[in-house]
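The lines below spell out each chain.
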Amino acid sequence: MTEHDITLTVNGAEHDLTVEARTLLVHALRDELGYTGTNVGCESSLCGACTVRMDGEAVKSCTTLAVQADGAEIRTVEDLGTRHDFHPIQEGFQEEHGLQCGYCTPGMMMTALDILEENPDPTREEIREGLEGNLCRCTGYQNIVNAVQNAAEQMQPAAVADGGETDDDGPTPATDGGEKQ
Amino acid sequence: MEFSGTFELEDTTVDEVWLALSDPVLVQESLPGCTFLLHVEGEEADFDELAEQASELDRELTNDPEVIAQRAFKEGERYAALMQVSVGPVNPTFETVVTIDERDRPRMDASGEGSSGDSSFEMSSSMALSETDDGDGVAVEWETQADVFGKVAGMGQRVINPVANRIVKRFFSSVQEELHDLGVGEVSTSDGDESDGRSLVDRVLGRSKSTDSE
Amino acid sequence: MTVDSLDPDDVDAADILGSAIERREDPALLTGNAEYTDDIQIDGMLHMAVVRSQYGHAKLEGVDTSEAEAMDGVHGVYTYEDLVSDETPGGGSFALPTAWLLDSLKQVEHPVLASDKVRHQGDGIAVVVAEDRYTARDAAGAVDVEYERLDAVVHPSEAFSDDAEQLHDDAEDNVAFDWEIGDAEKTADAFADASHTASIDLDNQLLIANAMEPRAAVADYNPGTDELDVAMTTQNPHVHRLLMAGVLGHPEHKLSVRAPDVGGGFGSKIHHYADEALVAWCSMMHEGPIKWTATRSETYLTDAPGRGHETKAEIAMDDDGNIVGLRVDTMANLGAYLSTFAPAVPTYLYGTLLSGQYDIPAIYGHVKGAFTNVPPVDAYRGAGRPEASFLVERLVHLGAKEMGMDPVEFRKQNFVPDDAFPYETQVAVVYDSGEYTKPMDEALEMLDYENFREEQERARDEGKYLGVGFSCYIEACGLAPSELAGQLGAQAGLWESSLVRMHPSGTVTAYCGTSGHGQGHGTTYAQIVANELGVPYDSVEVVEGDTDEIPQGMGTYGSRSAAVGGSSLVKSAQKVVEKGKEIAAHQLEADPEDIEFENGEYSVAGAPDRSMSMADVAGAAYLAHDIPDEMEPGLEATSFYDPDNFVFPFGTHAAIVEVDPDSGEIEIERYVAVDDVGNQINPKIVEGQIHGGIAQGVGQALYEGAEYDDNATLMTGSMQDYAVPKAEHVPEMETGATVTPSPHNPLGVKGVGEAGTIAAPQAIVNAVADALEPFGVDHIDMPMDAESVWSAVQANATADGGAEPGSDDADHGGER
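Protein chains in written order, with the numbering used here: chain V, 1 to 181; chain S, 182 to 395; chain E, 396 to 1211.
Rather than coming from a laboratory, the hints here were simulated on the basis of the structure.
Where is the CB? At the ideal position from N, CA and C, for every residue including glycine.
Check before you lean on any hint, since a few could be wrong.
Claimed, not checked - Okay, the calculated beta carbon distance ranges per label pair:
no.: 1; chain 1: S; residue 1: N346; chain 2: E; residue 2: Q886; range: 33 to 43 angstroms
no.: 2; chain 1: E; residue 1: D1105; chain 2: S; residue 2: E230; range: 52 to 62 angstroms
no.: 3; chain 1: S; residue 1: R339; chain 2: E; residue 2: Q808; range: 40 to 50 angstroms
no.: 4; chain 1: V; residue 1: D85; chain 2: E; residue 2: D1024; range: 49 to 59 angstroms
no.: 5; chain 1: V; residue 1: D85; chain 2: E; residue 2: G1029; range: 38 to 48 angstroms
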């Protein structure tokens, strides 16, 4: 099996690693680099549990090859807030009980950030459409929709102050890990 | 699962198409992903041996009915094919053995099975040729009943059906090309070898008696 | 109405029980700090992959592992012969046991790797141990298996047919069991005397749980100590440890089973599967850590599906619309082998619920279990109870129609009356408490039912077909007491155990033998314990899911955790309080009889200034300088709580749908759920459980179904083909609640985990049947996709002379 040297910038930290051509991005993140917050649900890009942001776009890391991500900036759930300083999307999920087992949640939040970036004030229908590629088996989605709306409300004023651009870093201090918009 | 369809070959005749489809070499060349297609001599089809045999064989496409007659499919005989198929993200190579159950111009029935590690299939297929309504070509009506097992089956019909259709389409397109390139059947079909009461072409064409043909 | 969550810091200690506080589990789950089984990394860890049967039914002619063994990075390839060899570790049965027996049950051998025959697609044939997961899978693909394919059976009715291939030598005609409940003769008489009857033939389709986290296990055997640690996706670690000890022949006390964070289960992580035992065995074989994580395809092939009934049933009424009898004949699919609790699901978890919410004087249920070539079938969220409730509520819908009565009126007339509780049904259970009209009335109000009926009429005039469907469900949770469970066939007690430990500083660790996997037990249990001990909520830590830490346990399933585990915690906490009372009395120089305990303070009756806090008492208990003579130091208590009875949650769900008879499309316009789950420990969590349950019920009604072809090859083996509902597929749910406490557990709770899944399917099917009444459509099997709805409309339009879509007949054909 051919091996490749690649560089991944994950949450602001640069990692050089050697992977097989077929190594999936999610396995590189989890098994090689220890970012286990991103979960694998289906290995076929249908469930969305593995969603991460690559150069600012939500991608399914279970169907992205690690070599395809060479040189990319990856953002995972570990880069959102900490338990003492939640990102608005985390706050929304906590307040609205938008998670139960939590397995889909990291991917769900990454997609939610994508939705809110494109549309800072989405309707419930728009959120449901936007979450089309992310499955949850526990919540029935209603509280996830509430969570995304909750986050949207929290992020609104910042967006206005920012001249209409949402800042998906929310209250987290901007670090090198913040991805380019 | 069942697949069926009709493919129309232009500017040819039932005899020409029958002749072409009687030739394992032409079929091998036309089947996408087919490494070899060989007659199985013994009881078991040993694919390692067959692969070796295939590499040593020097068979060429021809329009010569004599040559085709010698290697033409025979009713009741078994043929082995090694075929690589792209199904979704995987490219399994199937070791396939097909029996020609019936071969009676313009109809051929075959059944067989193929396996590739964690996937396999069983199929029975039939094909019938007829002149198209405009008289200018040949309609190949085909149907296949297939059971698919293992990993490939797990991909579901939404994945498998288009694959099957793609193979069939490419196969007939390729047959059509070869027909034209080679001019199969353009050799005179009248200089029959009457030794067994049937013309050479009749034999190749799978006719029981020459009078059966128009 | 939506429940608003609260920050626990904003809740008074005295109000903690019953508050909708935010979950303490969430921060770890929201920051990527959770630890699911596949997250576990141990140095030197190898990976296992399983070679699985590609056929639904076949004889094994040969397994050639040589090519796989020769591959780089492969450490071993093993078949059944290796497991049972004297040269390899473990002397167990290497066969999976059944933990529920029935008199007529045919117990068939279920080896953890197939020895001579494979009986379902995905049946394990060999395992590969390799350096990494890719190599392990590659090598599994390189194992050459020679099969002789056999004919397969998928449905029970096929399995029982004369020409069906028999799966097991010792299960003649593929009959796994033949079981009945109720009184056949009395019911036959009731039907003979009845003036009206209605009947139904239905399939309750096989479903696949689809927990988002695939099953996984990491086993780590220490050859120095002979200790075998298994971290795995389990809902019941102690049960898994007991069963696995027997399968491997490794002593229970040298085996530890731990549930890290578990990403959903819905029943599918209760059962003892082959894979987890195989990882453990491979770890013993290689004397080091080994991981196995199922791919999603593997979960589709091996997770126990649920449901799978073919049923004929009928209901009988007298002239006044009173239900006088109910009769059910079901063929239940058990799959290829008997899974852990499989025999209980279509019998005692199904037949005992056939009275629904109704006072029915004669009931008879007959169930025949079938071995088929689908994977072993077992509990999936609801397990038997959804099948019963679906059937009863469909029959009641049809019974009302037969009587020409409004379905609400018909139901109310036949409800078990409020003053009849405890109510003994004709099917062997006693309902603890209930007020069935209450949730029904609340649901009607939320729906604005009368207005809806008028709107429905108007809509029909405009060629729009609206329908309302009701589901007045009952469920039984917390199966108990153990003595009864034993009489019914359980090979286990169904108590729950807990330990409440005060620390010297006054904080608390509470251990419980249940094992949550998304239900928020860490939060609710802390609410319970904080309330009992009068200590701050934040002072209570909850530990679950580890056989090394928790003395004993039965696990989380059947909506039992709050009712049984929560009650056990109450008992343990009460024991702590009692012991504390003696210490306080001693220190306060008072008689223990005179010590009062309230809000975490012990005080002397009549002298409230003479008091000690719980924390002070705990400190004293561990200092042990001055405690009563003969008393052991320390302050902790264990309990085994064995409930007196099941608990019986109930409620009314109602759906309003619009059906387009021309396209067959169904739109859920409204979904109303009013549930009575007894007292609520945390209403936000209760709401979440109801939501999630309904979503799975909607999935069954409209989208989901495990489909196999004639060879028992799964046709819905990916998330592309098996339609797990997406956000767009689940309607906005309007929830309400009534509270009828259970009288026999200390919390008055009933159980909520499965309610939504049990209730939802029939609400939707009844609504569709109501919408399509002008077309004479009585029933459509689930999942009701557009094609099946369209076909039902067409079939009835022609066969029954019913209206055709868009015709004048249809426009005016509606009747209530």
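We went through each hint and held it up to the structure:
| no. | hint | result |
| --- | --- | --- |
| 1 | S:N346 - E:Q886: 33 to 43 angstroms | 53 angstroms, violated |
| 2 | E:D1105 - S:E230: 52 to 62 angstroms | 35 angstroms, violated |
| 3 | S:R339 - E:Q808: 40 to 50 angstroms | 49 angstroms, holds |
| 4 | V:D85 - E:D1024: 49 to 59 angstroms | 53 angstroms, holds |
| 5 | V:D85 - E:G1029: 38 to 48 angstroms | 39 angstroms, holds |
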